[in-house]
Every structure is written in C-alpha cells, then in structure tokens.
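*Asks:* If you read the sequences in order, they're chains A and B.
Numbering of the first sequence is given in the numbering used here, commencing with residue 1140 and proceeding in unit increments.
Numbering of the second sequence is given in the numbering used here, commencing with residue 513 and proceeding in unit increments.
Treat the hints as calculated values from the structure; they're not laboratory data.
Fair warning: this is a prediction, and the values are worked out from it, not measured in the lab.
You may find that some hints are simply not true.
To be verified - Per the computed footprint, the stretches of chain B lying under chain A, defined by three or more beta-carbons under 8 Å from a beta-carbon of chain A, are:
id: 1; region: 591 to 599
id: 2; region: 622 to 630
id: 3; region: 635 to 642
To be verified - Every beta carbon over 10 Å from chain A, so not counted as near; a handful from chain B, in silico:
id: 4; residue: V524
id: 5; residue: G576
id: 6; residue: E583
id: 7; residue: R672
id: 8; residue: D684
Built from N, CA and C at the ideal position, the CB exists for glycine as well.
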Amino acid sequence: MINLAQKEIAHTFGKFIVTAMGVGMLLGIVLIMIGVYRGMLVDAQALLDDMDVDLWIVQENTLGPFAESSRIHEDMRDTIKVIDGIKESAGFTFQNLQLPSKSGAVRVFAVGYDPYGDINPINPKRLIAGRVLQRDHYEMVVTDKTAFQLNDKIPLGRDIYTVVGITHGTVSSGGDPLVYVSLKDAQELQFLYSNARTRNDRARGIASTNSHMINTVVARVRSGYDIDSVANDIRRFKHKAVFTATQEKTLLTKNLIKMASKQIGMFTVILVLVSTIIIALIIYTMTLEKMKEIAIMKLIGIPNSMIVKMIVQETLLMGVLAFISGNIFAHLIYTKFPKRVVLEAPDAFMLFIVVVLASILASFVGVKKVLSADPAEAIGG
Amino acid sequence: MNRQSIKVENLVKNFGKGDSLVEVINGASFEVNKGELVALIAPSGAGKTTLLMMIGCVEEPTSGTIWLGDEKVYENRWLTKETRKIRREKIGFIFQAHYLIPFLNILENVTLVPQTNGVSKKESEAFARELLDYFDIEDKAESMPSSLSGGQNQRAAIARALANKPQIILADEPTAALDLKRSVDVVKMLKKIALDQDVAIIMVTHDEAMLPLCDRILKIENKKVVSTEVPKKSHIL
Ligand SMILES: Nc1ncnc2c1ncn2[C@@H]1O[C@H](COP(=O)(O)OP(=O)(O)O)[C@@H](O)[C@H]1O
Ligand SMILES: [Mg+2]
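Only chain A is shown next, with the shape it has when bound in the complex (with noise of 0.2 Å):
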C-alpha cells in the first residue's frame, strides 16, 4: 500500500525539514531551561559534596550558613571537637566578593577556612593548578571561571592576595564562581572595620569588636556514633542550630532554589504550550495547504482512515524530528551558558512523551479539517 505521508513528505522535503528543526529549537531552548534547574540542583550540592561534612552547627535559631546569616565564636569549633563522637571539626567563613580584575569585577563566593584544620574543603579532584593554601596570609585559590591564573595577585580589603591553586567547576549553591582564601584572611575581610570606624567607635565607647568570629562549625562523626544522636546532643547542650548533611542538602536545593525552579517550571510549561500551539498551527496549515488534493482522493474514493493515517503520521513525524533536532541543538548550546546546563536523559525523555501527545493533540486540527472537506469542492473553480 501506498504510503501517503511518505510521498507528501518527500515531496516537500526541504520545507518540512526547515519547519521540524524550528520547532526543534524551541524544545531545544525547553531541554535548556530543564538543564538550568538541573544545573542549580548540582551546583547547590558542589561545595557540600566536596566538604563531605556529618554536621553543621551554626547560629542558634538560624538556617545558617547558606540560608540565613549566621555568626558563632572561633572556639566553638574546639567545644564541638570534645564532644563525644566528634572525630573532627572546623570553622568556616562564607561570604560574596567582589574581586577586581581587569575586565571589571568578578563576583565570586568566597570559603574561608583553616589550611592547617581538619576539614579541607578543596576536592583534589578538582585542583587543576597549582596548590591548595598553605599559609595562614594573603594566599588564593580560584576557580578556573573567575579567568584568573596562578600568581595573579588580587588586591583586596588592605592586603594583596596571589593565587596559588587553580579549582575547576567549583560553584557556590548561587551559581557564583568559588575562591577559597585562609580563615584568618576571610575574617579580616567580614568582621574587621577598617582603622577609621574603628577610631569613630572607640570615640563612641563602644569596644572594638573581635574578628574571631566564623559563620559556622563543621564537623565529622565517628564512625559507630548515630549522627542524628550526636545533632541532638549539640542542640540540647550548645544552644546551637545544627543540621546533618542531608538536612542542610535539603535546605540549599528545596528551600534556597525553590523560587528560581518554579520560575523555570512555569517558563518551560509556557514553552511547551507555545510549541504544542505551533505545531498544531504548522499541521493546520499544511493541511489546509493539501485541501484540494484532500478533496481529490475522497472524489476518487480514497477513504478517511487513509488521509487521517497520512495528517497524524506526518504530525508525529514532524513532532519526533522537531525533537531529535532540539535534542541536537541543545547539545550544540548548553556549554555555551555562563551557568551550569544540565541535560539528562530522563528529562528527554519526559519531554519526548510530551511532544508525541502534543503531535496527537496538534494533529486533531488538520484532521477535523480533513474530515470536513468537500469530495465536490475538488472540481470547483
């Protein structure tokens, strides 16, 4: 048996091809749109896969360190260490800065922590040049998307820092590019007033503030102890807020991004609706396009189910290579984002069923108007 879709399609090849691969890219900038809220899924867990922690205890009655603020004094990390359970522990500063380059600033999200402590937040599968720190002053680690190279030096704050180690696809849970300077350094830079406020508050009799504050405790858990038991004792007895790894998981991709991936949701659903409303519109057209033949073949006897068979495959057809190319050009695109593109498979996938009911949905159109074309209109005119 003749197979008219087929024939039709091979007949206007160049123009359905053209027609598929516009839709394409709208499914193509959909995949993209997933991929970005995949990207924020894997960014928000970079820095917390990599400090590979059991616990975080930060401010009481605070989401800290990443959530909310928090601030706590250096020696909580000692109190923490004693606790039975505690096999290890460390302070941590997190803050955003600015970092003057040539090309401007670069905003980047810097990890203060103690190069001679026990928690080494640097993955070594990460490093890709150079070091991680080893002194306690004015030394850098960058990640390779901040462009900087190693023994740049970076003024900031009163001092001048030189990079030592360069990091890759190392992120903050905002996406911004990571630095990791020395806890010593990191709290000059978040708690110390410069010597002109300092001389204003002194005038003002208020004592001068002391920088031996971090914004969190980090610890590791003996093995045999129960972390959650070991969270517990620390709630009850240090008045802190402490969460496990999976709850301060939970707090950066639920709760942190929660906004940003309904923000995306709803642009991809947008999408989704407009490329459904297109496709529907192109297998419109192009049955409209095919009136007369349409006519002709019911003229000549050709029944329905044959003419149908042709609008919904051409339809689906249109919709599977609409999506092969969208798959293709989201590949050619996704690495060309500032922020990390994440394509899955399942997330393909997902969309794949959406077009094919989509293509059926859109094909309904061409076929009412099959149905309602006129054997006797073919002669006419």
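Here the structure of chain A is known, so what remains is to put chain B with the ligands in place on it, guided by the hints.
*Replies:* Same frame as chain A, now just chain B with the ligands:
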C-alpha cells in the same frame, strides 16, 4: 444479461431552501448501456456537472432513484453508508483538469485506488504499466505530474480512471483543455475503452465536433434529460 449500466428515474436535485431554492434537475429519467459512449450536453449552468456528481455518488440528489449496474444505490436516500466504496470500486472519474495528486508519481497516482481496493502492488502496477503503455507514457511512470505536459497528464488521469476496471466512467469536459487533434484522440480512446471493457461512459462536452464520435447524446432540457441521435460525421473528421 442486463445491458443497462446506469439507470436514473425521476431524479430531482435542488440546491438551497425556501426563497433561495434552486431547482437544477427536476425529474430526469434515462439509461446508459454497457459499451456505450454517451455525450451529455447543455448550456453552462444547466446542471451537467451536478448530474454527473449524483451518478458518481458524490452529490446527494434530492429525490429519485439511481441504479449502478445491478445495484440500486439511491432511492430518496443513499442505500449505502459507503458511497466512497462505490466510487472507488465501480466508477472512474475524468475531469477537465487532470487532478493528479502532485506528491505521487504517475504510477502511484494510477495504482492508488486499485491498491486501496485491495489489489496487490504487483498486480496493480502491472496493469497500470499496461495502461500507461496504451497511452504512450510508460516512460513517465516514475515521473511526477509536475514534470509532464498537459496532454501527458490528461492521459495519465484517464489511465487512473481506468485502473480500477470501472463499470462506469464519468468524464466532465475531458477535452476542454486539449486541441482538436488531441481531443479527437481522447474521445476515440474513450469509445474504444467503452467497447473493449464494456464500460458505460458519460462524457460532458461543449465541443460539437466530438458528438459524431459518440453513440448517443443526452441533453438537459427544462431540467429533464432527453436522449437524441448523434449528428452525421462532419467533414473535419
Ligand atoms: N453547491 C451548490 N450550491 C448551490 N448551487 C449550486 C451548487 N452547485 C451547483 N449549483 C448550481 O447548480 C447549477 C448547475 O451547476 P453545474 O452542474 O455546475 O452546471 P454545468 O456543469 O452544467 O455548467 C448552477 O446554476 C449552479 O449555480
Ligand atoms: Mg460543469
């Protein structure tokens, strides 16, 4: 053996309703026999196409009776839901324009209806090639209609009308777009088909030169159909 292939009784066709009602055919009765090539003539707008489309089960009459072969297909209503099945199995259509499907090549155009009727690809193609050979366009079998001349396409369209081995051929001004020589060729061809295949053919024409080649003339007069003898062959033929 029953010789009559088309039999129409008291056929009525009105368009519209009430004030805008147009009577086109009012009480037409006639027969066309197997092997007969009958010309249908009448002034423009008299209802020739409408009559042909009613016999072809395309346009629904208002009332009356239509037999195609031994089958009564209409008696004040269609007697089958599948008028399209009657069309593709019993009838071949030819028009002024070729109305070939532009995205099918000539062979596919000719085999589409027989294949829809369940004839195998091999068998339908063999017969189609025979027809194309008969019409001298066998070498165009794989070509698209857009690459053929008007005359070649018209012959392909006639081949398509024959491909389902119809009992009836309904031709609406098939020669209107052709020059005299080609027109004569086509009508002679139709006459030969009528005889060879024992087909009843009704051909609408405006061309009086074609009439002597036909067996009989049906005229639409006063919304009825009257049958007359053909004139003597004119000198040009
Ligand atoms: N669908 C229709 N609706 C209303 N009037 C129609 C329709 N089709 C044909 N007619 C009218 O029927 C008459 C006969 O038309 P037609 O059969 O095409 O004439 P012919 O083929 O003899 O030139 C004309 O007056 C035409 O206006
Ligand atoms: Mg007409």
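*Asks:* Determine for every hint whether it applies to the structure shown.
*Replies:* Right, here's what the structure says about each hint:
{"no.": "1", "hint": "591 to 599", "verdict": "holds (count 4)"}
{"no.": "2", "hint": "622 to 630", "verdict": "holds (count 5)"}
{"no.": "3", "hint": "635 to 642", "verdict": "violated (count 0)"}
{"no.": "4", "hint": "V524", "verdict": "18 Å, holds"}
{"no.": "5", "hint": "G576", "verdict": "18 Å, holds"}
{"no.": "6", "hint": "E583", "verdict": "15 Å, holds"}
{"no.": "7", "hint": "R672", "verdict": "8 Å, violated"}
{"no.": "8", "hint": "D684", "verdict": "7 Å, violated"}
Against the hints set out earlier in the document, violations occur for numbers 3, 7 and 8.
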